[in-house]
Amino acid sequence: MSEVMSKLKKDYIYNLLLKGQREDGRAFDEIRDITLETHVIDKAEGSAKVQYGNTQVLVGVKIQVGTPFPDSPDVGVIITSLELNPIASPTFESGPPRENAIEMARVTDRGIRESGAIDLKKLCITRGEEVWMVFIDIHVLNDEGNIINAASLGAIAALMTSIVPAERNGKGEDFMLPVREMPVCISLADIGGELMIDPGRNEETVCETKIMITSNQDGSICAMQKSGEGALSEKQVLQAVTIACEKAAQVREEHLLKI
Amino acid sequence: MSKPEKFFDENGLRLDGRRVDEIRPMKIEVGVLSRADGSCYLEWGNNKVLAGVFGPRELHPRRMQRPDTAIVRYRYNMAAFSVEDRIRPGPNRRSTEISKVSREAFEPVVMTHLYPSAVIDVFAEVLQADAGTRTAAINAAAIALADAGIPMKGLVSACAVGKVDGKLVLDLGKEEDNYGDADLPVAMTQDGDITLIQMDGNLTQDEFKEAMEMVKVGGKQILEIQREALKSKFSQFKTEEIEEAAVIETPEPDATIDETVGIETEVDESVETDTEVIETEDDNEKVGAVFVEDDANDKEPDENTDDEDVEEGEINE
Numbered sequence: 000m001s002e003v004m005s006k007l008k009k010d011y012i013y014n015l016l017l018k019g020q021r022e023d024g025r026a027f028d029e030i031r032d033i034t035l036e037t038h039v040i041d042k043a044e045g046s047a048k049v050q051y052g053n054t055q056v057l058v059g060v061k062i063q064v065g066t067p068f069p070d071s072p073d074v075g076v077i078i079t080s081l082e083l084n085p086i087a088s089p090t091f092e093s094g095p096p097r098e099n100a101i102e103m104a105r106v107t108d109r110g111i112r113e114s115g116a117i118d119l120k121k122l123c124i125t126r127g128e129e130v131w132m133v134f135i136d137i138h139v140l141n142d143e144g145n146i147i148n149a150a151s152l153g154a155i156a157a158l159m160t161s162i163v164p165a166e167r168n169g170k171g172e173d174f175m176l177p178v179r180e181m182p183v184c185i186s187l188a189d190i191g192g193e194l195m196i197d198p199g200r201n202e203e204t205v206c207e208t209k210i211m212i213t214s215n216q217d218g219s220i221c222a223m224q225k226s227g228e229g230a231l232s233e234k235q236v237l238q239a240v241t242i243a244c245e246k247a248a249q250v251r252e253e254h255l256l257k258i
Numbered sequence: 000m001s002k003p004e005k006f007f008d009e010n011g012l013r014l015d016g017r018r019v020d021e022i023r024p025m026k027i028e029v030g031v032l033s034r035a036d037g038s039c040y041l042e043w044g045n046n047k048v049l050a051g052v053f054g055p056r057e058l059h060p061r062r063m064q065r066p067d068t069a070i071v072r073y074r075y076n077m078a079a080f081s082v083e084d085r086i087r088p089g090p091n092r093r094s095t096e097i098s099k100v101s102r103e104a105f106e107p108v109v110m111t112h113l114y115p116s117a118v119i120d121v122f123a124e125v126l127q128a129d130a131g132t133r134t135a136a137i138n139a140a141a142i143a144l145a146d147a148g149i150p151m152k153g154l155v156s157a158c159a160v161g162k163v164d165g166k167l168v169l170d171l172g173k174e175e176d177n178y179g180d181a182d183l184p185v186a187m188t189q190d191g192d193i194t195l196i197q198m199d200g201n202l203t204q205d206e207f208k209e210a211m212e213m214v215k216v217g218g219k220q221i222l223e224i225q226r227e228a229l230k231s232k233f234s235q236f237k238t239e240e241i242e243e244a245a246v247i248e249t250p251e252p253d254a255t256i257d258e259t260v261g262i263e264t265e266v267d268e269s270v271e272t273d274t275e276v277i278e279t280e281d282d283n284e285k286v287g288a289v290f291v292e293d294d295a296n297d298k299e300p301d302e303n304t305d306d307e308d309v310e311e312g313e314i315n316e
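In the order they appear, the protein sequences are chains L and E. Under numbering that gives the first Met the number 0, residue 258 is the last one in the first sequence; the count climbs by one each step, no gaps. Under numbering that gives the first Met the number 0, residue 316 is the last one in the second sequence; the count climbs by one each step, no gaps.
Don't take every hint at face value.
[Claimed, not checked] In silico DSSO-like pairs for lysine-lysine, Cα to Cα no more than 27 Å straight-line:
| id | chain 1 | residue 1 | chain 2 | residue 2 |
| --- | --- | --- | --- | --- |
| 1 | E | 99 | L | 9 |
| 2 | L | 234 | E | 208 |
| 3 | L | 120 | E | 2 |
| 4 | E | 5 | E | 208 |
| 5 | E | 219 | E | 26 |
| 6 | E | 166 | L | 234 |
| 7 | E | 2 | L | 121 |
| 8 | E | 232 | E | 215 |
| 9 | L | 120 | E | 5 |
Think of the hints as simulated: they come from the structure by calculation, not from any bench. On a predicted model such as this, the values are computed, not experimentally measured, just so you know.
Next comes chain L alone, as it looks inside the complex:
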């Protein structure tokens, strides 16, 4: 279910955006203040709490021994799930994930998987029998828009601090989860043909279309998705890629490289 907003407010925000202004006074290429905290949950193998403005997301990583999939007997498994917890917004309901949550989980997953962030080959214990399974659980605590960026930043940060619990499982010594890439996802919303980075909750309600782009350290792109009812011009897509890669580098430098 989408947010309910009065037409008056919608028009106000829309007209403001057309003038190149945003509700909270940000520039179109300005991301909200991000705070990233790791090691927040002791019981988890790795964890991170992310605030994107007032959007709050908590990511926990659990690692367990499991059986590999028959078509990939010698690599570990990544499983990403995202829950839009009813505590996060009056419009979220409990129950199995709907298409929005599924989409966000899958876009996050794709960023981690396709960037090769985790060296899955190193997570094989016995070929065909036992591998480490990495569960990334994303708990959305407060929705003030752009959950997906917060979620993927939290996911990679949590992974970077994860320790594989080998000792507890009788598989030798504990070791750091082998993470070799830092994918960062950046969302841009379309407003009257202009692109606006990191849309807030009201801006998401007003803008029909957004594009999410995940990029790597070398500036290459590893995942992308358009979401929403509208269309984007080719020029916008290309522009979005340039902006997203640039901003991702900034976010990576300011937050992930400090971990």
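Dock chain E against chain L, hints included.
Just chain E, lined up with the frame of chain L:
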């Protein structure tokens, strides 16, 4: 299937003999289902996809109705037997996501404001899957929508571009999809606006630009094929009608007019009866019941081998 030793032969041709910028052969049949308002059967390489459109029709449950516009529903579904290892029938996380983005690929072109409170249902069934099913389904659905007479600003054409062995290729084949380095499905309007874009894998920004150029060309080719398919159906219809008329004309000259009138009244009547049916309470409930059943089927997300392994785990969890 195992990874091929090389993806290109000495002439730079691909595993199935295509050039890098060549799409697989596409075969389209329009209007193949009698009960659907519009339908299309599409074969693209080894993909076999069937799309059916119902509506605009009354939307149940009524709380989902929107007083100012029609809503579009899109269901992408893979048949259990469409892939090598049987998949559990019914929606899963992958198909839910594809359904969502595909619906959003059509929302910019379908003129929903003309049918307040109504629903336009698009069902895309993948009967045989061989890389690029979501794009094949979108191409079929666009034709089915046109066949149903749904007012649209234009057709939607979809095509994927990817990277294999460091080279960009148009319309990935199965091996290229499974063992390639990147996959970028794109749907576009006939004006070139992008209504669906997804990507996974790895592309540099320059490669991405080049890929967009390639996929634009591919989309245009597909648009032509779609147009031809639609034209052939409706021009064929015309010729048949003329031939029929000609046959009848010889013995009885007035028959042509009668027949035309007959057809017209028939159409009108059906429209009228439809409206009446919708207004009666009993039938409302019947329609409602059908949807409840549908909803029940929509539950229980499930698995599909075509996708990443993750999903299985997620479900098992």
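Next item on the list: With a cut-off of 27 Å on the C-alpha distance, tell me whether residue 166 (chain E) and residue 234 (chain L) pass.
Entry: holds (23 Å)
Check: Between residue 234 (chain L) and residue 208 (chain E), is the straight-line Cα distance small enough, at 27 Å or below?
Finding: holds (10 Å)
Item checked: Hinted pair residue 120 (chain L) and residue 5 (chain E), Cα distance within 27 Å -> holds (23 Å)
Item checked: Agreement of residue 232 (chain E) and residue 215 (chain E) with the hint, judged by alpha carbon distance not exceeding 27 Å -> Judged against 27 Å, a Cα distance of about 26 Å means the pair holds.
Check: Does the structure keep residue 120 (chain L) and residue 2 (chain E) at a Cα separation of 27 Å or less?
Finding: At roughly 17 Å apart (the allowed maximum being 27 Å), residue 2 (chain E) and residue 120 (chain L) satisfy the hint.
Margin query: Against the 27 Å threshold, does the CA-CA distance of residue 2 (chain E) and residue 121 (chain L) hold or violate the hint?
Written below: holds (21 Å)
Margin query: Against the 27 Å threshold, does the CA-CA distance of residue 5 (chain E) and residue 208 (chain E) hold or violate the hint?
Written below: Judged against 27 Å, a Cα distance of about 25 Å means the pair holds.
Margin query: Check whether the Cα positions of residue 99 (chain E) and residue 9 (chain L) lie no farther apart than 27 Å.
Written below: holds (24 Å)
Notebook entry, point to check: Between residue 219 (chain E) and residue 26 (chain E), does the CA-CA distance stay at or below 27 Å?
Noted result: Judged against 27 Å, a Cα distance of about 16 Å means the pair holds.
When the structure is compared with the earlier hints, no violation turns up for any of them.
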